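The primary structure of each chain is shown beneath.
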Amino acid sequence: MQNPDQTKKRADGAPSPLVGEGNRLSVPQHLRVHIHGWLLLLPAAVLLVAFTYYPAVRTIFDSLFSTPRGVRGAVFVGMDNYAAMLADPVFVRALVNNFVYAACVIPLTIALALSMALWVDGRIAGRPFLRLSFFTPTVLPMIAVANIWLFFYAPGYGLLDQILGLFGFSAHNWLGDQHTALACLIAVAIWKDAGFFMIFYLAALQQISPQLAEAAALEGASRWYFFRRVTFPLLMPTTLFVLVNAIINSFRLVDHIVVMTQGGPDNATALLLFYIYEVGFKFWDTAYAATLTVVLLTLLAVFALGQFLILDRRIHYQ
Amino acid sequence: MRYATTKWLAALAAVVIITFSAFTSAAAAKDIELSFYYPIAVGGPIPKIIDGYVAEFEKENPGIKIKAIYAGTYQDTLVKALTAFKSGEPPDIAVLLSTDMFTLIDQDAITPFDGLLKTDADKAWAKSFYPAFMENSRTGGKIWGIPFQRSTIVMFYNKDAFKAAGLDPNKAPDTWDELVADGQKLVKRDAAGNVTQWAVEIPSTAFPYWLFQGLTTANNVRLMNEAGTKTYFDKPEVIQALQFWVDLSRKYKIQPPGTIEWGTTPKDFFERKTAIMWTSTGNLTNVRKNAGFAFGVAMLPAHQGRGSPTGGGNFYLFKKMTDEQRAAAFKFVEWMTAPERAADWGIATGYVAVRPDAWDTPAMKKYVADFPAAAVARDQLKYAVAELSTHDNQRVTKALNDGIQAALTGTKTPAQAMTDAQAEATRILRPYQ
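Sequence order for the protein chains is A and B.
Residue 191 in our numbering sits at position 188 of the first sequence; the count goes up by one each step and never skips.
Residue 404 in our numbering sits at position 397 of the second sequence; the count goes up by one each step and never skips.
Everything labelled a hint here was simulated from the structure, so no lab data went into it.
All values reported here derive from a predicted model rather than from experimental measurement.
Treat the hints with caution; some may be incorrect.
[To be verified] Pairs of lysine to any residue residues, derived as SDA-like cross-links and limited to a Cα-Cα distance of at most 20 Å, are as follows: (1) B/K237 - B/T146; (2) B/K274 - A/L162; (3) A/K285 - B/K93; (4) B/K87 - A/R72.
[What the hints assert, rightly or not] Simulated DEER-style distance windows between Cβ atoms: (5) A/V261 - B/Y439: 20 to 30 Å; (6) A/P71 - B/R434: 14 to 24 Å; (7) B/R434 - A/Y56: 30 to 40 Å; (8) A/P71 - B/A213: 23 to 33 Å; (9) A/V261 - B/K327: 22 to 32 Å.
Beta carbons: idealized from backbone N, C-alpha and C, even for Gly.
Could you build the full structure based on these sequences and the hints that come with them?
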């Protein structure tokens, strides 16, 4: 700023004759590069701050206060909301449910997506039709999917009971039984997402050079050995991407619960986000909802860190 | 020269336009504008009917403009109205569940109607509704909601199935004992012993507490006090009622085990998977259209007493209005619940017309003559009680719902489930004592 003349020139976009000359002049130069850089970052930064960082910080802040009701304002309560949360059996149930749900949905979806991709990558009859039918569930909105599956699971005349009836099984109340309800929702989630992840695997498979397969065949490697030692390692970047998405989805997607069970029977299918919605928008206990949200945020942050710090190092990028 | 003329003309035109628009906006400023949120919870062209009413009202009342906004389900509408309220721009009028009354009062979001009842006609209007509907609309001696789209639970039964089981198709079970006796004849099993037709389904998802009130009311017990500060979930009569519900599945084996999905129950009925179902009168038009057999509608069976809870939505007035707006909003609510409108709305939707004189209108008389089932809900109203509603309503309700579902799925005994639910409700209601 000691040299307004220079500033003006460069603001015009004229090439500076002074680049790299003398220490005294390089200070405004540095500054200008920084300002330029920050200005370029500004739009993205504003959006990130407004919709990600500020809400996250505000959520943590709100979780330390009581819920304002009518004329009574919010009061600082410290860790009271967290203590109440640990004593809340529904929260514990929702958390355990969510871990069970994620532990089933994530590996099964990825395994299914990979097998479907391997299958439709090969030369088989009706390949386009198969690819389309695998991908269709992805295109449907979750609300529609859940409404369809609600009738699949209907006791007696539902699709599932009709098929099982052919083998002599009696009708079962799938969604109305605490032991089967969560499994039913897991099946819907897998069915919904597997096709989507298949597309990524399919694209990755088609990137793998056919020479590798030919070389392996010459060496006499079995198909399983080739998959285990060549294909699967080469697919690892895709697997990481799919894994990140699968984890996020298993904590983020609760539309089918709203439609199919509302968390019942007796919280057997309550997941964390669904419970947050209930607390926030049915009970209007916003402070407690913020507390639960902090738990969800922390969980997702831990998963993300784990994925990028540990898994990323072990993955071979071509 | 020519250029200059054009310029002058343009300037003149601009002045005319500005003046004109200033006039029209001044005229518009004289109109009282009101926003009105409403939900949809039953089938049929509801937005068209509402828009028709609004247009008619505006024609009869020049100077008042109503902006009717369809806001989703009851739950969506409440979320939207309360979120808008918290951001300082609440709707002026909204139709929300009658059970949301305490929530809205606790949020300091609504005003009572009492101060607006100025003339004798207004006061008579406020007294014209069925007392059963007013139970959920009044607390602390004030009227906070006006009944609009209200329902109750009734029993639908398949007359063909009754005939096939050797029962009188014109006589539905009228007591719990008859329900069990008839039910055992109505259950059909195949050679392997699997049930192909159940006798009865009382849905137990979404809002099991509401259906449960059909049982508790028949057992002569109330679930809460009028102030909404106390619940009685662990009274012996309540536990007995839950025991009976569980027994329908476990002991008598005439109802499917586990919880029964609210949404698929009408379908079960149409598919003849159950001979009897309990559901809202709001389903009347749906059943009339889709049942491929002769069906009957009856009151819920009695035990120690008789009865059903009411349900559905009320009109509420939000706080942030000028006196002028509030008077206009009141006028609208009064107009919407006039006898002819109440009758028309009931016929078009299947809701129970909310006042006795609506049933004396020629249109309603003709409708009931064609379709006597429509009057069952009305006749049951004299036994009806308020739907469960307390302070922190949805949380208390959830405690009861969880208890009911735990008992129906067999993870807790009815006594244990209701004791736990009562303990939870007491804990939630402690700040309101």
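Status of the hints after comparison with the structure:
Of the pairs offered as hints, the one joining B/K237 and B/T146 holds, with about 14 Å between alpha carbons and a cut-off of 20 Å not exceeded. Proposed proximity of B/K274 and A/L162 is supported: the alpha carbons are some 14 Å apart, at most 20 Å. Between A/K285 and B/K93 the alpha-carbon distance is near 15 Å, which keeps this suggested pair within the 20 Å criterion. Proximity of B/K87 to A/R72 is assessed by CA-CA distance (about 17 Å); at most 20 Å being required, the pair is judged to hold.
Checked against the given bound of 20 to 30 Å, the beta carbons of A/V261 and B/Y439, roughly 29 Å apart, stay inside it. A beta carbon spacing of about 21 Å between A/P71 and B/R434 agrees with the range 14 to 24 Å that was offered as a hint. Separated by about 36 Å at the C-beta atoms, B/R434 and A/Y56 satisfy the suggested range of 30 to 40 Å. Our hint of 23 to 33 Å for A/P71 and B/A213 holds, since their Cβ atoms are close to 30 Å apart.
At roughly 31 Å, the beta carbons of A/V261 and B/K327 sit within the given window of 22 to 32 Å.
Hint compliance for this structure: no hint is broken.
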